[in-house]
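Engineer: Below are the chains, spelled out letter by letter.
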Amino acid sequence: MNPTASPTTSRSLAMKRIRPGRIVIWTILFIGGLLMVTPLLFMFSTSFKTAAQVYDLRLIPAAPTLDNYIRVLSDGRFLRWFLNSSFIAITVTLSNVFFDSLVGYTLAKFRFRGRYLIFIAILSTLMIPTEMLVIPWYLMSANLGWLDSYWGIMFPGMMTAFGTFLMKQFFETIPDDFLEAARIDGLNEFTIWWRVAMPLVTPALSALAIFTFLGNWTAFFWPLIVTTSQELYTLPIGLSSFAVEQAIQWEMIMTGAALATLPTLLVFLLLQRYIVRGVMLAGLKG
Amino acid sequence: MATITLRNLVKSYGKTDVIHGINLEVADGEFVVFVGPSGCGKSTTLRMIAGLEEVSGGEILIGDRVVNELDPKTRNIAMVFQNYAIYPHLTVRQNIAFGLYTSTLSKEQKAAKVSEAGAMLGLEPLLDRRPSDLSGGQRQRVAIGRAMVRDPAAFLFDEPLSNLDAQLRAQMRIEIKALHQRLGTTIAYVTHDQVEAMTMADRIVVMRDGHILQSGAPMEIYDNPVDVFTARFIGTPSMNVLPVVEEGGVMRPADPGTVLAGIRPHDLLVGEAGAGASLSLAGRVTAVEPLGPETLVHFEVAGKPVIATAPARQAPAIGAEVVAHAQPGRVHLFDVATQKSLPRR
Ligand SMILES: Nc1ncnc2c1ncn2[C@@H]1O[C@H](COP(=O)(O)OP(=O)(O)O)[C@@H](O)[C@H]1O
Ligand SMILES: [Mg+2]
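In the order they appear, the protein sequences are chains H and R. When the letters of the first sequence are read in order and numbered with the UniProt record's numbering, they come out as residues 1 to 286. When the letters of the second sequence are read in order and numbered with the UniProt record's numbering, they come out as residues 1 to 345.
Keep in mind that the hints were calculated from the coordinates and are not lab data. On a predicted model such as this, the values are computed, not experimentally measured, just so you know. Please note that the accuracy of each hint is not assured.
[Stated by the list, open to error] Residues of chain H clear of chain R, computed beta-carbon distances all greater than 10 Å:
{"#": "1", "residue": "Y55"}
{"#": "2", "residue": "F82"}
{"#": "3", "residue": "M127"}
{"#": "4", "residue": "F178"}
[Claimed, not checked] Only pairs whose alpha carbons sit at most 30 Å apart, straight line, appear in this in silico DSSO-like list of lysine-lysine:
{"#": "5", "chain 1": "H", "residue 1": "K109", "chain 2": "R", "residue 2": "K73"}
{"#": "6", "chain 1": "H", "residue 1": "K109", "chain 2": "R", "residue 2": "K177"}
{"#": "7", "chain 1": "R", "residue 1": "K177", "chain 2": "R", "residue 2": "K110"}
{"#": "8", "chain 1": "R", "residue 1": "K73", "chain 2": "R", "residue 2": "K110"}
{"#": "9", "chain 1": "R", "residue 1": "K340", "chain 2": "R", "residue 2": "K304"}
{"#": "10", "chain 1": "R", "residue 1": "K73", "chain 2": "R", "residue 2": "K15"}
A virtual CB, placed ideally from N, CA and C, is assigned to each residue, including glycine.
With the sequences and hints as input, model every part of the structure.
Structural biologist: Next up, the structure:
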């Protein structure tokens, strides 16, 4: 029972013989990586170019300039959209973390009539494509006066079937003893969920939070439909409106896009560990 | 401190009854061990006492209060679970303090109680560690600490030692027993391991299929089991039970017999018959197990396996023909049809 034994052996094995298969795989991965990174690099590169240089495809701009950034950031609208996106993504993420896990926990740990039916009903919504929902959402928002409001943008995502399903699967792995011990100690059901069950599923929670945040940060379709006034645009909508406003200004679009990408990149870099684990968990469990 | 009383306690899941109206009185400060094979309803009974499982019929009293409808927390009991139920995200100290979650004591008083429990259980140097750094035995002690700080009216244990290795189990048996002696609190303890039951209990309650077969002091049950099941369940190795016929005060194996004879391996001695053995069994040795002070000798009588004892250094070889004898008074008798105990011979 030596936990370090097997990784050590496999590593030394890998070092001993580098098989041709490996070389092929690494090459494919390298090319794949390059294909993924190139557009990103061009985006950053273009954001440092002047309008005249945009079609000069050198990766390192001949005369790098910060003018684009100064122009974008001094345009109050960009900051506004950035804040809109942040507010919406954060609110929706918090809401999902809270409600998805609350419902998931209830479905996983309580026996009540109709439990299975509710679970199936929630799951079945996963089979309806967003495109089909957009019109009902729109009509509903129009009737309720939610068009062109933060709530209008956010309400479809405040809870998700996938998040509920994910959290249910995780709460099911918690032994009942953990919860019953707390029950005997006198905690009420809400506190048991919050103080005992939630800390035990933090890997799943972080995965859910990361995916929800990123999904909402980059959301385009629904925010585009539901908003009309510029003050309510999210960053992706704002940037696309940038693009069509006048003659297409690629260097400005790329600057905005680069700024919009920063939080995403930051999330990935800082939370890499959780994301990898989250993808694995979601893959295994979901 | 409190008594626990079960009156015609019934539990059903849907249409199936799993507890069939059991009656039991646990005295204040008594250490009662529920023992029986897996699935006989021990946990269900304990969980009903704890309030984790609804009562389908009958009554549970803690002290002189009927608690059927009370929440677990208001019953003032503490429970220790098989997999410890200590929280990996909290330190040992925080885990123990969880027992005081609803307590109205001041912060200092709570801290003092946690330290006191930690000291009593030898957990002092570990108080700021996480459960993942602890061994199984230490985790179980944390769980006990968490139960202790509550000063409960009774402790309930559900197979608390099942996840430990044999050596640690033996050690924890003694620790829990010592703890009981020191605290004097009523304990209801569930196990499927008859050794735990024998070594720890003031009183053993033998259960089977949702019924209580017998309850009594360990040696009382060992000496006077009410039926074949209890006789074979309590004591290792299990009692030999085989049909016999009786002729002139001497029994000999026969199938079908007029009565079932039960002889504990310890009472069935290989070798010369002393004066007037009441039962002699002969057969060919199939296995020998030297235990040190004595050796277990397995042989077959009319195709039925029998275990006898031989002195350590006079064990027969495998394949040898042996005769083993039981002295008068060492043979338990059971009715062939009902399997119930008859007066001993
Ligand atoms: N939630 C349940 N639903 C249906 N049957 C159950 C449930 N829990 C336990 N049982 C049944 O009750 C019987 C007693 O179980 P249990 O008390 O756990 O046994 P033990 O602890 O003695 O091994 C078993 O036959 C088991 O299958
Ligand atoms: Mg059990």
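Engineer: Where does the structure disagree with the numbered hints, that is, which hint numbers, in rising order?
Structural biologist: Violated hints (numbers, rising): 4 and 6; every other hint is consistent with the structure.
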